[in-house]
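A.B. asks: Listed below are the residues making up each chain.
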Amino acid sequence: MSAPLRRLQQAPRHLLVCEKGHARHARSRHEAHVRDHAYNCRVSVLIPECGMLPQVLKSAVADLGEYYVVRGLPVHQLLDLEFIECFVRKGSCYALAYNTRIDQDNTAALLPTGKLILSVDKDTYEELGLQGHPSRYSGKKPMRYIITIDLTDSNFHPDGKKHKRVLWALKEKKPLEFDFLLAWYNSGAEGSTLMSYFPKNQIQALKPKVTFSTLRDLQCPVLQSNELEGKPEESCSTEELFEWLGAVLNQVNLDNVSSSFLSTYCCPQPNTVVDQAFLCTITGFIIPEKIIQLLEQLCCYFSEPKLAQWLTLTVHGFADSPVSWRENEHGFHKGGENLYNFVIFRNLDYWLQMALGTNDDCPP
Amino acid sequence: DTSLVSSYSEEFTVKVGYSAVALNHIVDFKEKKQEIAKPVSPSELFPSLPIVQGTSKRLKVLTRLTLVVSDPSHCNLLRSTSTNIRLYDIIAVFPKTEKLFHIACTTLDVDLVCINVTEKLPFYFRRPPVNMAIDRGIYFELLYTPAIKDSTMRRYTISNAISLMQICKGKNIVISSAAERPLELRGPYDVANLGLLFGLSEGEAKAAVSTNCRATILHGETRKSACGVVYTVKKLHKIEEEETVPACKKAKTQA
Numbered sequence: 564m565s566a567p568l569r570r571l572q573q574a575p576r577h578l579l580v581c582e583k584g585h586a587r588h589a590r591s592r593h594e595a596h597v598r599d600h601a602y603n604c605r606v607s608v609l610i611p612e613c614g615m616l617p618q619v620l621k622s623a624v625a626d627l628g629e630y631y632v633v634r635g636l637p638v639h640q641l642l643d644l645e646f647i648e649c650f651v652r653k654g655s656c657y658a659l660a661y662n663t664r665i666d667q668d669n670t671a672a673l674l675p676t677g678k679l680i681l682s683v684d685k686d687t688y689e690e691l692g693l694q695g696h697p698s699r700y701s702g703k704k705p706m707r708y709i710i711t712i713d714l715t716d717s718n719f720h721p722d723g724k725k726h727k728r729v730l731w732a733l734k735e736k737k738p739l740e741f742d743f744l745l746a747w748y749n750s751g752a753e754g755s756t757l758m759s760y761f762p763k764n765q766i767q768a769l770k771p772k773v774t775f776s777t778l779r780d781l782q783c784p785v786l787q788s789n790e791l792e793g794k795p796e797e798s799c800s801t802e803e804l805f806e807w808l809g810a811v812l813n814q815v816n817l818d819n820v821s822s823s824f825l826s827t828y829c830c831p832q833p834n835t836v837v838d839q840a841f842l843c844t845i846t847g848f849i850i851p852e853k854i855i856q857l858l859e860q861l862c863c864y865f866s867e868p869k870l871a872q873w874l875t876l877t878v879h880g881f882a883d884s885p886v887s888w889r890e891n892e893h894g895f896h897k898g899g900e901n902l903y904n905f906v907i908f909r910n911l912d913y914w915l916q917m918a919l920g921t922n923d924d925c926p927p
Numbered sequence: 005d006t007s008l009v010s011s012y013s014e015e016f017t018v019k020v021g022y023s024a025v026a027l028n029h030i031v032d033f034k035e036k037k038q039e040i041a042k043p044v045s046p047s048e049l050f051p052s053l054p055i056v057q058g059t060s061k062r063l064k065v066l067t068r069l070t071l072v073v074s075d076p077s078h079c080n081l082l083r084s085t086s087t088n089i090r091l092y093d094i095i096a097v098f099p100k101t102e103k104l105f106h107i108a109c110t111t112l113d114v115d116l117v118c119i120n121v122t123e124k125l126p127f128y129f130r131r132p133p134v135n136m137a138i139d140r141g142i143y144f145e146l147l148y149t150p151a152i153k154d155s156t157m158r159r160y161t162i163s164n165a166i167s168l169m170q171i172c173k174g175k176n177i178v179i180s181s182a183a184e185r186p187l188e189l190r191g192p193y194d195v196a197n198l199g200l201l202f203g204l205s206e207g208e209a210k211a212a213v214s215t216n217c218r219a220t221i222l223h224g225e226t227r228k229s230a231c232g233v234v235y236t237v238k239k240l241h242k243i244e245e246e247e248t249v250p251a252c253k254k255a256k257t258q259a
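Read top to bottom, the protein sequences are chains A and B.
With our numbering, you'll find the first sequence wraps up at 927, consecutive numbering, no jumps.
With our numbering, you'll find the second sequence wraps up at 259, consecutive numbering, no jumps.
Hints were generated in silico from the structure; no laboratory data involved.
Beta carbons: idealized from backbone N, C-alpha and C, even for Gly.
Where hints are given, some of them may not hold.
Stated by the list, open to error - Once the Cα atoms are required to be at most 20 Å apart in a straight line, the calculated SDA-like pairs of lysine to any residue come out as:
id, chain 1, residue 1, chain 2, residue 2
1, B, Lys61, A, Lys869
2, A, Lys897, B, Ser77
3, A, Lys869, A, Phe908
4, B, Lys61, A, Thr687
5, A, Lys703, B, Ser214
To be verified - Residues from chain B shown here face chain A by an in silico Cβ test under 8 Å; the list is partial:
id, residue
6, Phe16
7, Ser23
8, Gly58
9, Thr59
10, Ser60
11, Ala196
12, Leu200
13, Glu206
14, Gly207
When you get a sec, could you build the whole thing from the sequences and use the hints?
C.D. replies: In C-alpha cells, the structure reads:
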C-alpha cells in the first residue's frame, strides 16, 4: 500500500548536468555544445542591472535571419538529388516537422550532418518497410521506431539500390507528409535560397519574434564562478540558480506572500535586490550558428565595466523534436524539456547547465 | 440536444489534448425489453471534426457499447450474430457479480471489462480470471469522473483500483472518463498522473491512456472482422475431393 505513496513523492526522472569553463580557453567546449543542439525554439537573455538593450546585442538581435515554413511537404522531396546538392552538402540545413507530437504521431527531422531521422509509430514502421531500430523508451513491446537515413552517404546516390528502396517506401508504399520548419546556413558564397527552391504557395518566410522587457526590483542570487556547489552564506549552487531562473522566466512571483496559493517559492539565499534587469526573448526556429554569434556578443558585454556580476542565456529546444543533442533520442513522457543555460560571469568564466526530461539520454 | 452537448464536448476534448474519443451507449438489462439500437454514426453528429491541438490531424470518434449485466441470461445477446452489436467499435461489459466477472474475463467476446468505482466491490478479484483476461487481450477499465464528483466515490475508486492492481500488477489497464459535461474532463497527462495514485508505475500510467487504448481499439476491430478460420485439407486417396474443416476460435489477438 505504501508503494503508490512513495511513487507520488518522486518526480518523474529528469537530468541536470552542470559544467564549468572559461569562454576564452582554447579547449572550451561551449561552442561544440551549442552546435550539437540543432533545434531551438526559444532563446532568453537575462542581464541584471541593465535597463535597456545593450549596444553589443543590437546587431546580433537584428541579424537573426529567417526561417521558413513549408506546408504539406512530402518527405521524399528531401531525397531529391538537387536538394541534397544545393542545401545538404553545402552549408547546414535544418528541417523539423511541425505540429506533430513525438509520443503519438510520426515525426521527421533533418540534421545539419545530413542525416534524416524519422520517428514513426508501430503501424507506420510496419507499412513503410525501412530498416530502423526500436525506440529506447518504448517498453517491452516497442511502439515507436527510429529510422535514420544518411543523405550524404556515398552509397546513397540515385542509381543505388538503397536510394531506390527509400524513395519507393516514402513515395509509393507509405507517403509521409509533414509541415516543416526549415532553415539553411551557408557561410560563404550565396547559392540558391530555400525560397526559390520551393513553389511560392507552399513556402512562407518568417522572422523570429523578439520581445524585450525590464524587470524591476528583482531578487537575484549571489553566485561565485568557481563554486558550482555554492557555499552556505556566500553563494548559491547551480541547482538553486536553475530553479530561480525558471521562476523568473515564467514570471512567477518570488515574494511568497501568505495570501497567494500559487507559489511558495523564494529566491535562494544569499541574494541581492537589483533595481532593474533586462530580459530579451527570441522565439522561432533558431539555428545554433546564430546562438554562437549571440554568445560571442554577450561575452563582449563584459569588455566594458558593468554593474552586473553575471548574465544568463537560456535556450529551449522543441518539446516534440526527435533528437536532443547530436543524435540522442528525445522522448516525451510528461514533459519534453531539452534545454541548456549559460551563466557568463564578468571574468568570462561560464557555467553550462543542460537539462533533460524523462525519456532522454545524458547529453555529451 | 444530445448533439449540442456532444459537439461542445468535442471542441473541449481537442483543446485538452485528446486525439481519439469514444461515445458510449449504456444498456442496462435490469429493465425489461431493452433493445440495442444502431449506433449513431459520428459523421451525423459532427459534420466536421475539429483538429487536435498541437497536431494537424482530426479527432477520431468511435462508438462504444456498455452492457450492464447482473444475470447470466443477459450475456446471450453477445453470442448472437445478427444484432446491432456488431456495428459498435468497442464493446464493454460491466459485471455486477463475481460469477459474471469470471464469465466476462474467460469466455465473453468483449474488449473491456468495467470495474465498479462508485461503490464497494461486492466481490474480490482473483488471479485466475484476471490472468486469463490479460492473455485474451481484454483490458480493465477504471473511470475517474465519479472521483471528481463526490468524495465518497473517490475513496471507492482508489480502493477498488488498488485492489485490482495487486492482482493484475498494472497490466492491461485503461483509465477513462465517463464525462457527461466538458467540465468533468481532464487532460491526458493529468489522468496519467492519477494512474500513479492507483499504484501504476510511470510507464504503465502513461500506457493506460495511450498504448492500451490503441490496443483496445485494435481488439475491437479484430473482433468485428474475424469470425473464424477455414482451411482445406486434401485427402490422400481421393485427389479431386476437398474437405473443409471449420476451425474453432480465432487466434489470440496480439496488440
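A.B. asks: Hint by hint, note whether the structure agrees.
C.D. replies: Do the hints match the structure? See the list:
1. Distance check on the hinted pair: lysine 61 of chain B and lysine 869 of chain A sit about 51 Å apart at the alpha-carbon level, beyond 20 Å; violated.
2. For the given pair, lysine 897 of chain A sits about 45 Å from serine 77 of chain B by alpha-carbon distance, which is inconsistent with the 20 Å threshold.
3. Pair hint lysine 869 of chain A plus phenylalanine 908 of chain A holds up; C-alpha atoms about 11 Å apart against a cutoff of 20 Å.
4. Of the pairs offered as hints, the one joining lysine 61 of chain B and threonine 687 of chain A holds, with about 15 Å between alpha carbons and a cut-off of 20 Å not exceeded.
5. A C-alpha spacing of about 15 Å is found between lysine 703 of chain A and serine 214 of chain B, which places the hinted pair at or below 20 Å, so the restraint holds.
6. The restraint placing phenylalanine 16 of chain B at the interface with chain A is violated, with a minimum CB-CB distance near 18 Å, outside the 8 Å limit.
7. A distance limit of 8 Å between C-beta atoms decides the matter here; for serine 23 of chain B the minimum to chain A is near 6 Å, and the interface restraint holds.
8. Taking 8 Å as the C-beta cut-off, the interface hint given for glycine 58 of chain B holds, the closest approach to chain A being about 6 Å.
9. At a threshold of 8 Å, the smallest CB-CB gap from threonine 59 of chain B to chain A is about 6 Å, leaving the interface hint in force.
10. For serine 60 of chain B, the shortest C-beta to C-beta distance to chain A is roughly 5 Å, which falls under 8 Å, so the interface hint holds.
11. The interface hint given for alanine 196 of chain B is met, as the beta carbon of that residue sits about 7 Å from the closest beta carbon of chain A, less than 8 Å.
12. For leucine 200 of chain B, the shortest C-beta to C-beta distance to chain A is roughly 5 Å, which falls under 8 Å, so the interface hint holds.
13. Interface hint status for glutamate 206 of chain B: upheld, as the beta-carbon distance to the closest one in chain A is roughly 6 Å, under 8 Å.
14. Taking 8 Å as the C-beta cut-off, the interface hint given for glycine 207 of chain B holds, the closest approach to chain A being about 6 Å.
When the structure is compared with the earlier hints, violations turn up for hints 1, 2, 6 and for no others.
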